[in-house]
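Enquirer: All chains should be built: construct the whole structure from the sequences, respecting the hints.
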Amino acid sequence: MIEVKNLNKSFGEAHILKGIDATFHKGKTNLIIGQSGSGKSVFLKCLLGLYNYEQGSIEYDGEVFANLTEDKKRDMRAKIGMVFQGSALFDSLTIEENVMFPLRMFTKLKRNEMRERADIVLKRVNLENAHKKMPSEASGGMQKRVAIARAIVNNPKYLFCDEPNSGLDPKTAIVIDNLIKEITEENNITTVINTHDMNSVMEIGESIMFLKDGLKAWEGSKENIFRTDNEVVTDFVYSSNLFKKVREAVLRENS
Amino acid sequence: MVIEMFRKPTKWSVMRHLILKDIDDLIIGSLGIVSFIGFFVGGVVTIQTALNIDSPLIPKTLIGFATRQSILLEFAPTFMSIIMAGKVGSFITSSIGTMRVTEQIDALEVMGINSLNYLVFPKLVAMAFYPFVISIAMFLGVLGGLMACIYGGYASGDDFITGLQQEFNPFHLTYAFIKTFLFAFILATVPSFHGYYMKGGALEVGKASTTSFVWTSVIIILINYLATQLLLS
Numbered sequence: 001m002i003e004v005k006n007l008n009k010s011f012g013e014a015h016i017l018k019g020i021d022a023t024f025h026k027g028k029t030n031l032i033i034g035q036s037g038s039g040k041s042v043f044l045k046c047l048l049g050l051y052n053y054e055q056g057s058i059e060y061d062g063e064v065f066a067n068l069t070e071d072k073k074r075d076m077r078a079k080i081g082m083v084f085q086g087s088a089l090f091d092s093l094t095i096e097e098n099v100m101f102p103l104r105m106f107t108k109l110k111r112n113e114m115r116e117r118a119d120i121v122l123k124r125v126n127l128e129n130a131h132k133k134m135p136s137e138a139s140g141g142m143q144k145r146v147a148i149a150r151a152i153v154n155n156p157k158y159l160f161c162d163e164p165n166s167g168l169d170p171k172t173a174i175v176i177d178n179l180i181k182e183i184t185e186e187n188n189i190t191t192v193i194n195t196h197d198m199n200s201v202m203e204i205g206e207s208i209m210f211l212k213d214g215l216k217a218w219e220g221s222k223e224n225i226f227r228t229d230n231e232v233v234t235d236f237v238y239s240s241n242l243f244k245k246v247r248e249a250v251l252r253e254n255s
Numbered sequence: 001m002v003i004e005m006f007r008k009p010t011k012w013s014v015m016r017h018l019i020l021k022d023i024d025d026l027i028i029g030s031l032g033i034v035s036f037i038g039f040f041v042g043g044v045v046t047i048q049t050a051l052n053i054d055s056p057l058i059p060k061t062l063i064g065f066a067t068r069q070s071i072l073l074e075f076a077p078t079f080m081s082i083i084m085a086g087k088v089g090s091f092i093t094s095s096i097g098t099m100r101v102t103e104q105i106d107a108l109e110v111m112g113i114n115s116l117n118y119l120v121f122p123k124l125v126a127m128a129f130y131p132f133v134i135s136i137a138m139f140l141g142v143l144g145g146l147m148a149c150i151y152g153g154y155a156s157g158d159d160f161i162t163g164l165q166q167e168f169n170p171f172h173l174t175y176a177f178i179k180t181f182l183f184a185f186i187l188a189t190v191p192s193f194h195g196y197y198m199k200g201g202a203l204e205v206g207k208a209s210t211t212s213f214v215w216t217s218v219i220i221i222l223i224n225y226l227a228t229q230l231l232l233s
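First to last, the sequence lines map onto chains A and B.
Our numbering puts the first sequence at residues 1 to 255.
Our numbering puts the second sequence at residues 1 to 233.
Hints are computed from structural coordinates only; laboratory data are not their basis.
Be careful, since some hints might not be right.
[As the list claims (entries may be wrong)] List of simulated lysine-lysine pairs, DSS-like, C-alpha gap at most 27 Å:
| no. | chain 1 | residue 1 | chain 2 | residue 2 |
| --- | --- | --- | --- | --- |
| 1 | A | Lys73 | A | Lys26 |
| 2 | B | Lys8 | A | Lys133 |
| 3 | B | Lys8 | A | Lys72 |
Expert: This is the structure:
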């Protein structure tokens, strides 16, 4: 479980995060949604320790991240898996080497044991025959799956995903969303996903936090996001005609 | 940056692999261009010197002497380093800069890997072999001069070799290699700094490479001046 209390972050005069409180539960897909510029990425980078913050605290299973020594922070980060928006695969390594990378850095496994483990996770993300390809030879969807495989290969306790299905076609996006949800449940990990894709919200939004101008404007689940009267949320959710119609249908059904 | 760079690596076996890869990229990969330039510039220095000796009172051995001094003292260590700032420096800046732009450095940091140590330290160790490159440039520069002298008909091979050995001061070699080590440090760190701390996208990677080349060259020229003043005057 990750607990965030009163998180404040500024860049010069710009106050980006304004006292955010949040709890991200284990074994659940926790979504952070909001418009571009609402502070989602800054919030995620604060959680990951890539940005320092002025006020507040972030606790990973009771341990305050900021109070840890540099060495302990590195140990803690070894328990974190991250899927970046652009996948962030290492260009100079093959897909298999990318997946084996955390094992090479943090375990004492022999090369064939690492290969076996990489093989298992690549199969898990449905990439059986891509081991020797370079990242530049893989499609966007494949790269995302490799990034997920790399993030989970060392059995992380926490999984962070920054816009995991941006730039993907709707079908591949659903595959990626479901993959993340299944992995979260199978391994009982705390997963935090940053997105502005409403399809993802409907697919895997077990716990949702809505950010607006650096403030937590709403929280709930995919079941009650359609029923909320919070104008800020409805403005965002029903900006597309498709979701407007979905809401009308839901409200009709309820009445 | 320097303190972070010298911290204990996450895993030595991986670091060893990275060092070998950087030796291949930065040192072995530069031998071709260094040999080519060294050989032909050595020949040009000889021809220029020979063509400027008009007086019959000046011995032909001066051609070998002047070639040796030019190549050992300045051409091989300093001007070869300026060329390497373009080749190796741009490679370092653009490769690290691209990693920054594509969030690969963030990926390393999130995993708990000291990215400065992981990316820059192997380059610094690899550049410790840079004097080997400069030795080859020195040897081929003198060889190019000898060939140009003999086949251009400017002097006999004996005269050239006698000139090469004339008034040889071993400290000049020490001076050249002290400069080489300083330049190796600059060639590894300045381009890494420009790549690591760059901001923006693909266009900025190109700009960072150019800026890195300019700054590396400027620093090499200034250090060359200071080292010469301190060591030879």
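Enquirer: Now tell me, hint by hint, if it's right for this structure.
Expert: Outcome of the hint check:
{"no.": "1", "hint": "A:Lys73 / A:Lys26", "result": "20 Å, holds"}
{"no.": "2", "hint": "B:Lys8 / A:Lys133", "result": "32 Å, violated"}
{"no.": "3", "hint": "B:Lys8 / A:Lys72", "result": "14 Å, holds"}
In the structure shown, a violation is registered for the earlier hint numbered 2 alone.
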